[in-house]
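Asker: As a plain string of letters, each chain reads:
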Amino acid sequence: VRLLRYIVSEDCGRMINPNVVEGQIAGGVVQGIGGALLEELAYDADGNPVATTFMDYLLPTAADVPVIEYGHVETAPGPGPGGYKGVGEGGAIGAPPAVVNAVADALAPFGVTITRVPLTPAAIIALLDEVRA
Amino acid sequence: VKSAAFEYHAPARAEEITELLGELGDGAKVIAGGQSLVPMMALRLAVFDHLVDIRNVSGLRGIEGRNGNWKSGAAEHSAAEHGAAEHSARHGWSVWIGAGTTQAAIGGSDLVAKAVPLLARATPLIGHFQIRNRGTIGGSLAHAEAAAEYPAVALALGATVEALSPRGQRSIPVAEFFTGIWSTALEADELLTGVTFPVWGGAGGGCGFAVEEFARRPVDFALAGAAVAVELSGLDGSGGSRIRRCGIGLIGLGPTPLRASAAEASVTGTAAGDAGSAARAKEIGATAMAELDSVPSDLHGPAKYRKRVGAAMVATAWQRAVKEAVNQEAASA
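Chains as they are written, first to last, in our numbering: chain C, 2 to 134; chain Y, 10 to 342.
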């Protein structure tokens, strides 16, 4: 899976510092992409964790994600002081469904249904093999 | 993640290293850059009482073009420099690379780029540039990681490893060098001092080289890959050409670095035009995978998947290499 473009919008009320807002969103998005494509808490048949180092537990780095494009939306002011709203988690919440649905859309012509993450290359090939069999 | 305690030695002469290895026995390990060894020790996958570093031995570094008794060193006056098309300039030449030569130095060498293009092209695929700044070719070969690039390149090109021990120097063809998981033909007191790559193309045919690999992330261990070298016979009267010889090194597809001998044999001597077709490339990929009996299976991909990727890597690299060889031959005709 290669992500060609990633666009994300958030509403955090009035932005105090846009740099911090974009940093928060970027961090969350990358974490979400990792969850969708790379990160896997795998265990062997005896229950031993097998992804115990960062050689096996794969996290996306800056080099593994596309340039993230931001849209800033301000709807109604939030309930807190100054009308500010939180911005900590949005990126991470939206990324997995966005990425998984993009893959699902790409695989739709084959009749593939995605039921689990991460969507590793081997997992995607296995899904394709299943519907072809 | 800290290594168990060890003693560190860094002699200035290769002979001192082999003496030390003889004295210290199994508890000692040569360190030649440490880009695999140190992480393994830090994770305690490996424990050694002594590390013997080759970094102070200047004679173990360098890249030289060689032809018989001729040598060309720093100035790199190798005949190979005169251009790929002039086969007489390549005949009989080889390139010697000292064991302690860093991957970065190899990647930056004009001589390597011209005389051993496959090695030059494989180099950027090794880890990050920080790793290539310290990692060495001797370390990479002696570590014998099945998913590493240099062992596959050495196998494909038919390189020769040289080893020094208190009993003297000997040469080991790379085909006989890798003996098991992270194991080589080196004796306990033997030091890998250098490796010699033959310069392909000396007999007049076009040559082509390609390396392909696939990893979860660009710098991870390859799930599967292939390094391919092709040499053609030279154009005959009717403007056709045949595969004179070829080498296919496999990456990450067994317990050791492997050579796809059956696939090579299946195509050697056949017409270049046909050998370079997509259908033929696919067959060669399939033949290369059919030989394999212990493809690794792990979290990142089951054996079946790796074989599938491996077949595609062999086919892609094969087609690119043949195309380059054919184009080179056409250009020099």
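Warning: the hint list may mix true and false statements.
As the list claims (entries may be wrong) - Quick look at which bits of chain C chain Y covers, simulated, 3 or more residues with Cβ under 8 angstroms:
| no. | stretch |
| --- | --- |
| 1 | 35-44 |
| 2 | 49-55 |
| 3 | 59-72 |
| 4 | 97-104 |
What the hints assert, rightly or not - Derived DEER-like restraints, expressed as beta-carbon distance ranges:
| no. | chain 1 | residue 1 | chain 2 | residue 2 | range |
| --- | --- | --- | --- | --- | --- |
| 5 | Y | LYS11 | C | ASN20 | 36 to 46 angstroms |
| 6 | C | PRO98 | Y | PRO311 | 44 to 54 angstroms |
| 7 | C | ALA46 | Y | ALA295 | 52 to 62 angstroms |
| 8 | Y | ASP35 | C | VAL21 | 31 to 41 angstroms |
| 9 | C | ALA134 | Y | ALA212 | 43 to 53 angstroms |
| 10 | Y | PRO311 | C | VAL21 | 55 to 65 angstroms |
Claimed, not checked - Residues from chain C that keep clear of chain Y, each with C-beta distances beyond 12 angstroms, as calculated:
| no. | residue |
| --- | --- |
| 11 | SER10 |
| 12 | GLY112 |
| 13 | VAL118 |
To be clear, the hints were calculated from the coordinates, so they are not data collected in a lab. The beta carbon of each residue, even a glycine, is placed where N, CA and C say it ideally should be.
Asker: Now tell me if each hint is right for this structure.
Answerer: Hint by hint, here is what the structure shows:
Against chain Y, the stretch 35-44 of chain C contributes 3 residues with a C-beta closer than 8 angstroms to a partner C-beta. That satisfies the three-residue criterion, and the hint holds. Figure legend: the stretch 49-55 of chain C, annotated as covered by chain Y; annotation consistent (3 residues with Cβ-Cβ distances under 8 angstroms, at least 3 required). Only residues whose beta carbon comes within less than 8 angstroms of a beta carbon in chain Y count, and the stretch 59-72 of chain C has 5; three or more means the coverage holds. Check result for the stretch 97-104 of chain C against chain Y: violated, 0 residues qualifying (beta carbon to beta carbon below 8 angstroms, three or more required).
Between LYS11 of chain Y and ASN20 of chain C the beta carbon distance is about 37 angstroms. The supplied range of 36 to 46 angstroms therefore holds. Judged by the Cβ atoms, the range 44 to 54 angstroms given for PRO98 of chain C and PRO311 of chain Y is violated: they are separated by roughly 27 angstroms. One distance hint, 52 to 62 angstroms for the beta-carbon pair ALA46 of chain C and ALA295 of chain Y, is violated here, with the actual separation near 31 angstroms. For ASP35 of chain Y paired with VAL21 of chain C, a C-beta distance near 55 angstroms fails the hint of 31 to 41 angstroms.
Our hint of 43 to 53 angstroms for ALA134 of chain C and ALA212 of chain Y holds, since their Cβ atoms are close to 49 angstroms apart. Our hint of 55 to 65 angstroms for PRO311 of chain Y and VAL21 of chain C is violated, since their Cβ atoms are close to 43 angstroms apart. At roughly 28 angstroms from the closest C-beta of chain Y, the C-beta of SER10 of chain C stays outside 12 angstroms, upholding its exclusion from the interface. At the 12 angstroms boundary, the C-beta of GLY112 of chain C stays outside the reach of chain Y, the nearest C-beta of that chain being 20 angstroms off.
Remark: the non-interface label on VAL118 of chain C is consistent with the geometry, its nearest Cβ contact in chain Y lying 14 angstroms away (cut-off 12 angstroms).
In terms of the numbered hints stated before, the structure departs from hints 4, 6, 7, 8 and 10, listed from lowest to highest.
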